[in-house]
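Asks: Please build the complete structure, drawing on both the sequences and the hints.
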Amino acid sequence: MSVLSQQVIGNDVDRALEILRNGGLVGLPTETVYGLAADASQKKAVAKIFAAKGRPNSHPLIVHVASIEEARNLCSLWPHSAELLGSTYWPGPLSVVVNKAPEVLVEVTGGHQTVALRVPGHSMAIELLTRFKGGLAAPSANKFGKVSPTTAQHVLDDLGTSVDYILDGGPCDVGLESTIVDCSADTPVVLRPGGISAEDIQKIVALGSDELGMSRAPGMLPAHYAPNCELTLLEEFSEAIRMRESSETSTQRVIDASIDPLGFASSMYAQLRQCDADQIEKLFVILPQPIGIGLAIRDRLTKAAHGSKNQSH
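Here the sequence shown is numbered in the numbering used here, starting from 103 and rising by one per residue.
Hints were generated in silico from the structure; no laboratory data involved. It cannot be assumed that every hint is accurate.
Unchecked claim - Listed next, the in silico SDA-like pairs over lysine to any residue satisfying Cα-Cα at most 25 Å (straight line):
#1 LYS146 - GLN215
#2 LYS235 - THR190
#3 LYS245 - THR263
#4 LYS245 - ALA407
#5 LYS150 - SER107
#6 LYS405 - GLU332
#7 LYS305 - ASN330
#8 LYS235 - GLU209
#9 LYS150 - ASP116
#10 LYS150 - SER264
#11 LYS245 - MET226
#12 LYS235 - GLY112
#13 LYS405 - LEU364
#14 LYS235 - GLY125
#15 LYS146 - THR190
#16 LYS150 - GLN255
#17 LYS235 - VAL208
#18 LYS245 - ASP275
#19 LYS305 - THR289
#20 LYS235 - ASN175
#21 LYS245 - ALA153
#22 LYS146 - GLY212
#23 LYS146 - LEU186
#24 LYS405 - ILE306
#25 LYS245 - GLU383
#26 LYS305 - VAL291
#27 LYS150 - VAL110
#28 LYS150 - GLY262
Replies: The following block contains the structure:
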């Protein structure tokens, strides 16, 4: 471990609390991906998130809280659908979009009158949030549009000295960002697939279709989560063999995500990062079926492939 790693990465919750209360940035472990956390009630602290990530100010941030009770306090109206989903899936990989309370900063919501809220399913995050007694704005702790971090070292590799401290909670269990459900209208809609499938959401509340919700959710650009290598998505393994044989590039890799989608989800971002570390030029991924967690995997990889092709030209 480098000297910088030893100084910045640790499990000192007291230190993290002091930094957050003083307007600093902390790498926050969750079950989905590592977040870049700041006090959601401090404008200058929130501004540091956007600066560190290189993230457009119009992109809303998810506010993490310790409990469903705290979530209720941050909205002007707590819908029955949000209550049902929160009481069922929190703590866990679900974010709900609701109409914000007046005190919620528009800097956090990207100028919208709605706010995304989540109770993370990670013991270290819950301890920090419980003691902090407030909301933490926390998008993924990486440079905007790049591969999300699932270890403390990933955060340091991406953000370096832009982050004041990184709590090391180990590798993320889920490994994919939270499912985002917009509960601000009469009929809830899934804005972003994630760690909880639409099928499971549908068991709790009836879902509508999303027409205008994309701007209210993070991670919705066509190009996002992108590795440096060229990423090609395939439906069949035989396609990968054929494309490998026809390619002139020697540094190639094939990953089959269709065999164990749940297992692949937890390591997907780590595998993309490893391909870049190994200087792989072309990566072929066989996609899982578009059901359950497979839908979220396909969503992230489609955006990653779009981003990798954009930067290769």
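Asks: Confirm or reject each hint.
Replies: Hints, verified against the model:
1. LYS146 - GLN215: 20 Å, holds
2. LYS235 - THR190: 22 Å, holds
3. LYS245 - THR263: 13 Å, holds
4. LYS245 - ALA407: Status holds; Cα separation ~17 Å.
5. LYS150 - SER107: 21 Å, holds
6. LYS405 - GLU332: 12 Å, holds
7. LYS305 - ASN330: 38 Å, violated
8. LYS235 - GLU209: OK: LYS235 and GLU209 at ~20 Å, within 25 Å.
9. LYS150 - ASP116: 21 Å, holds
10. LYS150 - SER264: Roughly 9 Å separates the two Cα atoms, so the pair holds.
11. LYS245 - MET226: 23 Å, holds
12. LYS235 - GLY112: 22 Å, holds
13. LYS405 - LEU364: OK: LYS405 and LEU364 at ~19 Å, within 25 Å.
14. LYS235 - GLY125: 15 Å, holds
15. LYS146 - THR190: 34 Å, violated
16. LYS150 - GLN255: Since the Cα atoms of LYS150 and GLN255 sit roughly 20 Å apart, the hinted pair holds (cutoff 25 Å).
17. LYS235 - VAL208: Since the Cα atoms of LYS235 and VAL208 sit roughly 20 Å apart, the hinted pair holds (cutoff 25 Å).
18. LYS245 - ASP275: 21 Å, holds
19. LYS305 - THR289: 14 Å, holds
20. LYS235 - ASN175: With a Cα-Cα distance of about 12 Å, the restraint between LYS235 and ASN175 holds, given a limit of 25 Å.
21. LYS245 - ALA153: Holds. LYS245 to ALA153 sits at ~10 Å (cutoff 25 Å).
22. LYS146 - GLY212: Answer holds: LYS146 to GLY212 is near 15 Å, not above 25 Å.
23. LYS146 - LEU186: Violated, at about 34 Å.
24. LYS405 - ILE306: Judged against 25 Å, a Cα distance of about 28 Å means the pair is violated.
25. LYS245 - GLU383: 21 Å, holds
26. LYS305 - VAL291: Satisfied, since the Cα-Cα distance of roughly 13 Å is no more than 25 Å.
27. LYS150 - VAL110: 17 Å, holds
28. LYS150 - GLY262: 14 Å, holds
Comparing the model with each earlier hint shows violations of hints 7, 15, 23, 24; every other hint is respected.
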